[in-house]
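If you read the sequences in order, they're chains Z and R.
Counted from 1, the first sequence has number 149 at position 150 by numbering that gives the first Met the number 0; the numbering is strictly sequential.
Counted from 1, the second sequence has number 124 at position 125 by numbering that gives the first Met the number 0; the numbering is strictly sequential.
These aren't lab readings, by the way, just hints derived from the structure by calculation.
Hints should not be assumed to be uniformly reliable.
[Said to hold, decoys possible] Cβ pair distances, simulated, as ranges:
| # | chain 1 | residue 1 | chain 2 | residue 2 | range |
| --- | --- | --- | --- | --- | --- |
| 1 | R | Glu45 | Z | Gly310 | 29 to 39 Å |
| 2 | Z | Gln268 | R | His27 | 34 to 44 Å |
| 3 | R | Pro87 | Z | Ser399 | 45 to 55 Å |
| 4 | R | Gln69 | Z | Ile223 | 42 to 52 Å |
[As the list claims (entries may be wrong)] Think about it this way: if two alpha-carbon atoms lie no more than 27 Å apart in a straight line, the pair counts; the simulated BS3-like pairs of lysine-lysine are:
| # | chain 1 | residue 1 | chain 2 | residue 2 |
| --- | --- | --- | --- | --- |
| 5 | R | Lys112 | R | Lys62 |
| 6 | Z | Lys238 | R | Lys74 |
| 7 | Z | Lys78 | R | Lys169 |
| 8 | Z | Lys121 | Z | Lys238 |
| 9 | Z | Lys113 | R | Lys112 |
| 10 | R | Lys74 | Z | Lys279 |
| 11 | Z | Lys339 | Z | Lys329 |
| 12 | Z | Lys121 | Z | Lys205 |
| 13 | Z | Lys121 | Z | Lys324 |
| 14 | R | Lys62 | R | Lys74 |
| 15 | R | Lys169 | R | Lys112 |
| 16 | Z | Lys339 | Z | Lys324 |
| 17 | Z | Lys83 | R | Lys74 |
| 18 | Z | Lys78 | Z | Lys339 |
| 19 | Z | Lys339 | Z | Lys113 |
| 20 | R | Lys112 | R | Lys56 |
| 21 | Z | Lys165 | Z | Lys113 |
| 22 | Z | Lys324 | Z | Lys83 |
| 23 | Z | Lys238 | Z | Lys279 |
| 24 | Z | Lys279 | Z | Lys83 |
| 25 | R | Lys112 | Z | Lys238 |
| 26 | Z | Lys83 | Z | Lys113 |
| 27 | Z | Lys205 | Z | Lys165 |
| 28 | R | Lys112 | Z | Lys83 |
| 29 | R | Lys112 | R | Lys74 |
| 30 | Z | Lys113 | R | Lys169 |
| 31 | Z | Lys238 | R | Lys62 |
| 32 | Z | Lys78 | Z | Lys121 |
| 33 | R | Lys74 | Z | Lys78 |
| 34 | R | Lys74 | R | Lys56 |
Cβ coordinates follow ideal geometry from the N, Cα and C atoms, glycine included.
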Amino acid sequence: MAVNDTLGGTHKIIQEAHEQQNNQLIPTLNDFSQELTTLNLGPTHPATHGIFQNILQMDGERIVSGVPTIGYIHRAFEKLAERKPFYQITTLTDRMNYCSSPINNMGWHMTVEKLLGITVPKRAQYMRVILMELARITDHLICNGILGVDTGAFTGFLYLMEEREKVYEIYEEVCGARLTTNMGRVGGMERDFSPVALEKLRKWLKEFPAVMREFEALFNRNRIFVDRVVDVGGISAEKALNYGFTGPNLRAAGVDYDVRVMNPYSSYQDFDFEIPVGTKGDTYDRFMVRNEEIWQSLRIINQALDNLPEGPFHADAPHYYLPPKQAVYKNMEALIYHFKIIMGEIEAPVGEVYHSVEGGNGELGFYLISDGGRTPYRLHFRRPCFIYYQAYTEMVVGQSLSDAIVTLSSMNVIAGELDA
Amino acid sequence: MADPTKEESPAAQETAATQDPAAQQNAHALALLHRLFGESTFTDVEEPYGLLTVTTKREHIHKIIAGLQQDEELKFHFLTTMCGINYPENLNQELGMIYHLHSLIHNVRLRIKIFFPLADPVVPTLTDLYATANWMEREAYDFYGIIFTGHPNLRRILNVEDMDYHPMRKQYPVEDGTREDKTDLFFGR
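Next up, chain Z with everything else stripped away, as it sits in the complex (with noise of 0.2 Å):
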């Protein structure tokens, strides 16, 4: 690599910290000029947006390696997934992606319902792609608004912190929470869009895009932004998907792969939407492409909004869905039902399914094994973040720390989903 070349006998050294795994100290040199700095970024270090570590060794400003640690709040949810019946584990979903927590839900949701072979009511499935629109903004407005404030402009983080109150709002109308939402059932979503959300949410779709307009004048031009973001953080398309990456770091390198498109779940080969995609996989094409796939997502919704069919809310399957409350303290059936559900006591099929949606960072999978008891065998969870973070180190070596952070803040590396 051309940074070890230059530095010569430098790379030895870091070599031998290598060895020594991390945290040691290193020897100095009698020559200044070859001493390198070991600097600790993170886990608590305010950029880092979340809990983990890089060790870097810096020379001078320059990033020579960097070492990461992960898993300071790995919560053991795939170990905790087997001890828990299938409804309760949408609560686990929900922290791991806490921006948009509804695309988890949901993804956790279908894939049980793959399992146990329900088709949802074309209602509820435009319903979840609605929520899901709004969850992958509200991941986006995120990620972007903090790229602003890592490169030192807090206005815009600002603007759209308010728009993300207000879709929060929203989800408030539909589920009752705000972050961890445990939206919607296995058979559909728990209750209708009520008139109060149908109509907040209209008045969100008019005055979003005028919000959104101004934060892309504020950046998308701005010689400031645009001087700090160019050309940092690159990573080719071969490399890209050598690492895993998938989501609006992948289509920024210039990969069209969208499991919406790929693998169309919950209609939406209904809709008419576009997917961007950018040539060099650096900061500001991650940036332009989050910053595009907000628009898409907005158009989705208003597809899916003014094409709303009429019926049901959820699948009927008593067996798996839970009845009305009013219901249960009246009728017999919904009463065993209710007990059966929460007790965990439903049939579940011997078998295997593995079904990924489109999450916010990425390609979000559900792997899981079930040998017809009341948990699942094993569940595995393919987190988007987990797996392209390891590219973060080749990504930064001979950068500069403060483009080092701000290809951290762009790739949005969620710390609940890093270590689930």
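With chain Z held as given, fit chain R onto it using these hints.
Just chain R now, with coordinates in the frame of chain Z:
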């Protein structure tokens, strides 16, 4: 309720295969696997929920995945995910690794499984083929204690480094084993 994985009659399966493009692609991928590596390499071929699943031996796994990656026809360039698994009842096959490959060009997914004894949990690494295998294998080592030969940095990734067991193995229950107020009769595993 109809079980989607239920075996159908051979004739019905054949007509389904000619009509459904996904089934056709799976049949195509399976034919390629058999042609490249021989039919005897794969012990178990299924299609649960439309995803082609094959089981093979760990001696072949590196060769098969390298062959699939370099194959000009299907181009399995993308390693979606991999995970370990533990079946304590399967004698000498207690541990396993499950790989999910994806050909983005033809949109074919493939699941490959290998099983091996708990006493000898050694598997060749895939880090020389896919950079993304690095942390996935560290995770499988962390959770199940599967040793990947040739891995550049096989350390724990999510749990603390001085942990002395591999927590996802079935011998470690989630609940505290000394508790007596909860029995497995009513609360599952």
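Verification of the supplied hints:
Checked against the hint of 29 to 39 Å, the pair Glu45 of chain R and Gly310 of chain Z passes, with Cβ atoms roughly 35 Å apart. For Gln268 of chain Z and His27 of chain R, the hinted distance range of 34 to 44 Å is not satisfied, since their beta carbons lie about 23 Å from each other. Taking 45 to 55 Å as the suggested C-beta distance range, the pair Pro87 of chain R and Ser399 of chain Z conforms, at roughly 51 Å. Between Gln69 of chain R and Ile223 of chain Z the CB atoms are about 46 Å apart, so this pair conforms to the stated range of 42 to 52 Å.
Of the supplied pair hints, the one linking Lys112 of chain R and Lys62 of chain R holds, its CA atoms being roughly 14 Å apart against a limit of 27 Å. Restraint check: the Cα-Cα separation between Lys238 of chain Z and Lys74 of chain R comes to about 15 Å, which is no more than 27 Å; the hinted pair holds. This hinted pair checks out: Lys78 of chain Z and Lys169 of chain R have alpha carbons roughly 9 Å apart, not beyond 27 Å. Restraint check for Lys121 of chain Z and Lys238 of chain Z: the C-alpha separation of about 39 Å exceeds 27 Å, so the hint is violated.
Between Lys113 of chain Z and Lys112 of chain R the alpha-carbon distance is near 21 Å, which keeps this suggested pair within the 27 Å criterion. Between Lys74 of chain R and Lys279 of chain Z the CA atoms are separated by roughly 23 Å; this keeps the pair inside 27 Å, and the hint holds. Of the pairs offered as hints, the one joining Lys339 of chain Z and Lys329 of chain Z holds, with about 17 Å between alpha carbons and a cut-off of 27 Å not exceeded. Of the pairs offered as hints, the one joining Lys121 of chain Z and Lys205 of chain Z holds, with about 25 Å between alpha carbons and a cut-off of 27 Å not exceeded.
Note on Lys121 of chain Z and Lys324 of chain Z: the hinted pairing holds, with a Cα-Cα distance of about 24 Å set against a maximum of 27 Å. About 15 Å separates the Cα atoms of Lys62 of chain R and Lys74 of chain R, which keeps this hinted pair within 27 Å; it holds. Annotation: proposed proximity of Lys169 of chain R to Lys112 of chain R holds, straight-line Cα distance about 19 Å (limit 27 Å). A threshold of 27 Å between alpha carbons decides the hint, and for Lys339 of chain Z with Lys324 of chain Z the separation of about 14 Å falls inside it, so the pair holds.
The suggested pairing of Lys83 of chain Z with Lys74 of chain R is violated, with an alpha-carbon distance near 38 Å, which exceeds 27 Å. The straight-line distance between the Cα atoms of Lys78 of chain Z and Lys339 of chain Z is roughly 23 Å, inside the 27 Å bound, and the hint therefore holds. Using a Cα cut-off of 27 Å, the hinted pair Lys339 of chain Z and Lys113 of chain Z holds, with the two alpha carbons roughly 20 Å apart. Distance hint between Lys112 of chain R and Lys56 of chain R is fulfilled; the C-alpha atoms sit about 8 Å from each other, no more than 27 Å.
Among the hinted pairs, Lys165 of chain Z with Lys113 of chain Z is inconsistent with the structure: their alpha-carbon atoms are about 33 Å apart, more than 27 Å. Pair hint Lys324 of chain Z plus Lys83 of chain Z holds up; C-alpha atoms about 22 Å apart against a cutoff of 27 Å. Distance check on the hinted pair: Lys238 of chain Z and Lys279 of chain Z sit about 12 Å apart at the alpha-carbon level, within 27 Å; holds. Taken as a hint, the Lys279 of chain Z and Lys83 of chain Z pair is broken in the structure, with Cα atoms around 43 Å apart against an allowance of 27 Å.
As the CA atoms of Lys112 of chain R and Lys238 of chain Z are separated by approximately 26 Å, the hinted pair is consistent with the 27 Å bound. For the hint pairing Lys83 of chain Z with Lys113 of chain Z, the CA-to-CA distance comes to about 18 Å; that is within 27 Å, so the pair holds. At roughly 12 Å between alpha-carbon atoms, Lys205 of chain Z and Lys165 of chain Z fall within 27 Å of each other, so this suggested pair holds. Taking the CA atoms of Lys112 of chain R and Lys83 of chain Z, the gap is about 25 Å. The hint holds against a cut of 27 Å.
For the suggested pair Lys112 of chain R and Lys74 of chain R, the alpha carbons sit about 19 Å apart, so the restraint of at most 27 Å is met. With a C-alpha separation of about 26 Å, the suggested pair Lys113 of chain Z and Lys169 of chain R falls inside the 27 Å cut-off, and the hint holds. Restraint check: the Cα-Cα separation between Lys238 of chain Z and Lys62 of chain R comes to about 22 Å, which is no more than 27 Å; the hinted pair holds. Annotation: proposed proximity of Lys78 of chain Z to Lys121 of chain Z is violated, straight-line Cα distance about 34 Å (limit 27 Å).
Distance check on the hinted pair: Lys74 of chain R and Lys78 of chain Z sit about 34 Å apart at the alpha-carbon level, beyond 27 Å; violated. With a C-alpha separation of about 22 Å, the suggested pairing of Lys74 of chain R with Lys56 of chain R holds against the 27 Å cut-off.
Hints 2, 8, 17, 21, 24, 32, 33 from the earlier list are contradicted by this structure; the remaining hints agree with it.
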